[in-house]
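*Asks:* One letter stands for each residue in the lines below.
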Amino acid sequence: MGQRIRAAAADRLGLPKDAVLGETVITVEGNRSLVIENYRSILFYGDGCLKLFTGKGRISVEGKGLGIEYYDGESMKVTGRICRVEFEERQG
Amino acid sequence: MKERAAHWFGGYLKVELNGRDPERFLNLCRNREIELWEIRAVPGGCSGRITVDGFRQTKEPLRKSGMRMRIRKKCGFPFFLYGNRKRKLFFAGLAAGLSMLFGLSFFIWDIHVEGNRMYTEDTLIRYFDGLDIRCGMRKDQVDCQDLEESIRADFPEITWVSAQVSGTRLLVKIKENEGLSQLPREDPEPCDLVAEKDGVITEMIVRSGTGLAAVGDTVAAGDVLISGKVPITDDGGEVTKEYSVRADGDVTVRRGETYRRDYTGWKTVETATGRVRRGLYVRLGNFALRLIPPAEEGTLWRTYQEERQLRLTGSFCLPVWWGIIEAEEYSSGERMYTEEEKEKIRQQVQEEFEENLTQKGVQIEENNARIVENGSGFSIEGNAVLRESIGERRRLPLSEAPAAEENDRTE
Numbered sequence: 065m066g067q068r069i070r071a072a073a074a075d076r077l078g079l080p081k082d083a084v085l086g087e088t089v090i091t092v093e094g095n096r097s098l099v100i101e102n103y104r105s106i107l108f109y110g111d112g113c114l115k116l117f118t119g120k121g122r123i124s125v126e127g128k129g130l131g132i133e134y135y136d137g138e139s140m141k142v143t144g145r146i147c148r149v150e151f152e153e154r155q156g
Numbered sequence: 004m005k006e007r008a009a010h011w012f013g014g015y016l017k018v019e020l021n022g023r024d025p026e027r028f029l030n031l032c033r034n035r036e037i038e039l040w041e042i043r044a045v046p047g048g049c050s051g052r053i054t055v056d057g058f059r060q061t062k063e064p065l066r067k068s069g070m071r072m073r074i075r076k077k078c079g080f081p082f083f084l085y086g087n088r089k090r091k092l093f094f095a096g097l098a099a100g101l102s103m104l105f106g107l108s109f110f111i112w113d114i115h116v117e118g119n120r121m122y123t124e125d126t127l128i129r130y131f132d133g134l135d136i137r138c139g140m141r142k143d144q145v146d147c148q149d150l151e152e153s154i155r156a157d158f159p160e161i162t163w164v165s166a167q168v169s170g171t172r173l174l175v176k177i178k179e180n181e182g183l184s185q186l187p188r189e190d191p192e193p194c195d196l197v198a199e200k201d202g203v204i205t206e207m208i209v210r211s212g213t214g215l216a217a218v219g220d221t222v223a224a225g226d227v228l229i230s231g232k233v234p235i236t237d238d239g240g241e242v243t244k245e246y247s248v249r250a251d252g253d254v255t256v257r258r259g260e261t262y263r264r265d266y267t268g269w270k271t272v273e274t275a276t277g278r279v280r281r282g283l284y285v286r287l288g289n290f291a292l293r294l295i296p297p298a299e300e301g302t303l304w305r306t307y308q309e310e311r312q313l314r315l316t317g318s319f320c321l322p323v324w325w326g327i328i329e330a331e332e333y334s335s336g337e338r339m340y341t342e343e344e345k346e347k348i349r350q351q352v353q354e355e356f357e358e359n360l361t362q363k364g365v366q367i368e369e370n371n372a373r374i375v376e377n378g379s380g381f382s383i384e385g386n387a388v389l390r391e392s393i394g395e396r397r398r399l400p401l402s403e404a405p406a407a408e409e410n411d412r413t414e
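These protein sequences, in sequence, are chains A and B. All letters in the first sequence, in the order written, are residues 65 to 156 by our numbering. All letters in the second sequence, in the order written, are residues 4 to 414 by our numbering.
Hints are computed from structural coordinates only; laboratory data are not their basis. Incorrect hints may appear among the rest.
[To be verified] Derived contacts from chain B toward chain A, CB cut-off under 7 angstroms, selection only:
#, residue
1, E26
2, N30
3, A44
[Claimed, not checked] Below, simulated EDC-like cross-link-like pairs (lysine to aspartate or glutamate); rule was C-alpha separation at most 20 angstroms, straight line:
#, chain 1, residue 1, chain 2, residue 2
4, A, K141, B, E36
5, B, K5, A, D136
6, A, K120, B, E38
7, A, K115, B, E6
8, A, K141, B, E6
9, A, K141, B, E368
10, A, K128, B, D143
11, A, K115, B, D24
12, A, K115, B, E368
13, B, K200, B, E41
The C-beta atom is built at its ideal place from N, Cα and C for all residues, glycine as well.
Take these sequences, add in the hints, and give me the full structure.
*Replies:* Pasting the structure below:
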């Protein structure tokens, strides 16, 4: 309920959803780099796959030669040949 | 870039992580704000870079995640210093170099002038030299305010000036007056308007004075076109009084002009052989060094050289100038002009003649040029019909030029 009110308020007031609702922001530059903001933790990291946990589910980045250029509490920059970005919503 | 420099100065380690749960290790490091970057997946784990401080805090995350960390390489300034701790002369040289730079930073090594159009940079730098402001002087001896005032006083066309010392550079920005600084003062003395060239008058407007020539008249150089004397006649046509004025008017004549330019029949041709010598030019203050392979005797070379000032940053200039020297070999020979080349020269001479006159405001009605061959060479001969404004002022003799007011009084 609270989430819905906050979403409606952000919509009406034109506030950024990443700040109000903690939504994940993904910025993609071609297929060579990607910046993910507002993630929680790293679930899996390998050469061809990176799985992250966000507040609302999982994000999976698939590709080849994936590397983490930097990561901190706020954001993470992924480089490599990115083929797919997938969202998996949390059940319940 | 900033972060890279910070990592290098602080020192960092290239590490390899092996174990059962690298993801947990990465998450634990993130929670403890341990900086890890450039992480790559490798068989059996991952590799990355970590700060020295971060490395000291990884004991617990490693234990919890069951990982092992191996140092592959130590990078950065602290490790560089440690690795070269026995090279005392190197560090002594480095310290001497840095002290020299520090010492050089107290002097002016470049004077730059901006915004000048009428006065060349050379003129202004020579002027600064006269004020004892030159490259190599101490920065604290430059009084910018005094310099600005001197420029304003000595160059009336410079309307705005700003001088500032930035780094080891003296930057002088100026703005010149775009209009006329002084209106040309007309000579108020009575005078005639006389022809300075021969021609046939095509247009004539008299503003003051008495017109002595008319449209269609042929005038010669020295003829009076408009007289400065204005006679007052009575009913019988007798001159009773004569005023002297400053003759003024516009007189346009049509006149012919010939021109000629002579050429020898032989043309000097310089052909590049394709051989090039390159070298380096270095100048330290007044001492210059040119490093270039020597030329073989009897060969001809055309040399180009550029000079650039060495600078650490945009405004930190040093008293070192350098450049590349490039010498191209050429062979010189003579041959006869071809017909096409002669025709090209003819056109060029004709165009130059037209351009010179057009700039002076002369209209060209006709312009013909031809090539005339003579024994040893050829010449370009041309004749043109021009329409131009003539008339120069000539003062009336003193006895003939009493002022109009004086005439009134004597009457």
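*Asks:* Check each numbered hint against the structure and report the violated ones by number, ascending.
*Replies:* 6, 7, 9, 10, 12 and 13
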